[in-house]
Amino acid sequence: MKQAALPGEVAFEQVYRSCYARLVGQLFLVTTDHAEAEEAVQEAFTRLWAQWPKLRHYDNPEAWTRRVALNIAVSRWRRRTRGVQLSAAHDLAAGPGPEGSDLVVALRALPVKQRQALVLHHVAGLPVAEVAAEMSARPGTVKSWLSRGRAALARLVQDKEATSS
Amino acid sequence: MTDSTSDPVGQLLRDKAGQVAALVAPPDWHSIVTRQRPKGVAYLRRGRGWPGWIAPLAAAAAVTAVVAASLAISAVFGHARPAGTGPAPAAPSHGSPAGGKGLLRLAPPYFAELWRTAPVVWGGEAVVVRSTLTGRVLATVAPPPPYRIFTWVSAAADDRTFVLAAQRYWPIASGNAGLPAQNRDNSAPTVFFRLIFHPRTRAAQLTRLAVPGVIHASNLAGMGVSPDGTRLALDFRQSIEIVTLATGTTRTWTWPGGGWVGNFKPFGQIFSWSSNGRYLAFQQWDGGDPETMHVRVLDTTAPGTSLTTAKVILTLPGSLANGDTLLTPDGTKVVAETSPGGYIPGSSNSSVQITEYSARTGRPLFAEDRFSAPTDWQDVLWTDQGGNALVVADPRGANPVMGVLAGNKFTPIPHGAVGLVLYVAW
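Respectively, the protein sequence lines represent chains A and B. Residue 61 is where the first sequence starts when you use my numbering, and the numbers rise one by one after that. Residue 9 is where the second sequence starts when you use my numbering, and the numbers rise one by one after that.
If you are wondering where the hints come from, they were derived from the structure by calculation, not from laboratory data. Here the structure is a predicted model, which means the values were calculated and not measured. Do not take every clue at face value.
Listed next, the in silico BS3-like pairs over lysine-lysine satisfying Cα-Cα at most 30 Å (straight line) [claimed, not checked]:
1. B:24 x A:203
2. B:24 x A:173
3. A:173 x A:203
4. B:109 x B:319
Given only the sequences and the hints, what does the whole structure look like? Please build it.
Here it is in structure tokens:
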């Protein structure tokens, strides 16, 4: 049954449709778990809609949603690492899904802050200063995270290049 | 950002994000986001007016009439008797006699049932909306990804609005043998959905509800939506939280003493509301040995944060109370499944029956649908305003059978046999 559109519904749907998959892709690099990423993004959109009358006037609602989704994902990750028992689903071995790749294995070895910084800078395209503001860190700290993260992943790239040559 | 030649790591990450994004199909956003105005509007009609809680004159008169009628019924059918008053009769009982199909019209026309393919104890992979009259499945809805399992279901009073809890994995419970271990996880967060069934089109619309905080399956022991569908009561064993669904605001009452709050078993209808949505009835167990169960009623509009302020309206020994205890929406009675002889399936000394108690005095008013030496369990699933028509699950045959019980007559719902446990809501 078709219902009448609520105020702002069309604009919200446009943001949702244009950003959802992209945000899941970005969140996946932080969580390395597809379901975890999708859940964080859905939760973030839930909160976006709750504040839509205010947030619809933002220049970039996607950035707001990504920040919220990252906060959700990171806080869950922290809770897990404090000792809450995880299902075996979070310790997947390499397999056919998106979780099963060398890159994912390498990402899992990185601290979550490094993953977050890499995604914000290299995938979302934020300059270091904005990444620092987003992560409530100093630019120098962000540069350090990026440098270490890149170094760890660069080994993977070199191995791939060596294999392909 | 730089090009892929000078930034191979960045390119690797962007490629991976793009690959994952390409695999993602955004679910219908209505199923993800609560479709409501941020300030909230009532979307269901309010329940019928309720004149008051403590023994209104009209209700008292109704009780008197029902008691008189029930006693007359008991006299006619012989096997119904006041609960807890002496030993069970020697003659075997096989439940209330069969009634006509018209009884089915006394219950709401649609109900929701969690449907599952695996022989599990908890939850279902989809929810089906079924007809009470025919038993037919009218709509089937699965949770949107990444959620895969519905864990609880509750019904509002308009006969077509339901609230569901969902999570990604099967909750861990004894008896889940056979399921892959990685698919069972009590630490996965629980989320909530509203399901509205449209009888004319048979469409069922699922919308995500904004319930704040992270709720894990291992902590959630039940839920019950208010009759008008605007509030959701959550049972956390040592506390009850009521969420106003339009705003996401919550109010919490805690149980400061020993024991716990909630049902003896982790399924069925944990809560019952008065029809005006003001009073919430729940079980509170004292944790003693032997245990005692109290049915308490919380005035959700009164100040305070302690569940000790909730009035005790019924006290039963734990051995007598095995199932749900539903406050009738008019607030005059508590309908309960009881086992006067103790519940031991197959034992000739065991018996189960449906007993109605006065909410004012806590005394049994009458009992019906008695089974001696039951082969399985019995439970009460729904009650009308005054407890005159009920939906129950009875130990009739190999599996419990759902049906409408009224006037000491039982009419099964077609295809109403149920599995191990009941996740149904009217």
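Which numbered conditions among the earlier hints are violated in the structure presented, ordered from lowest to highest? 4
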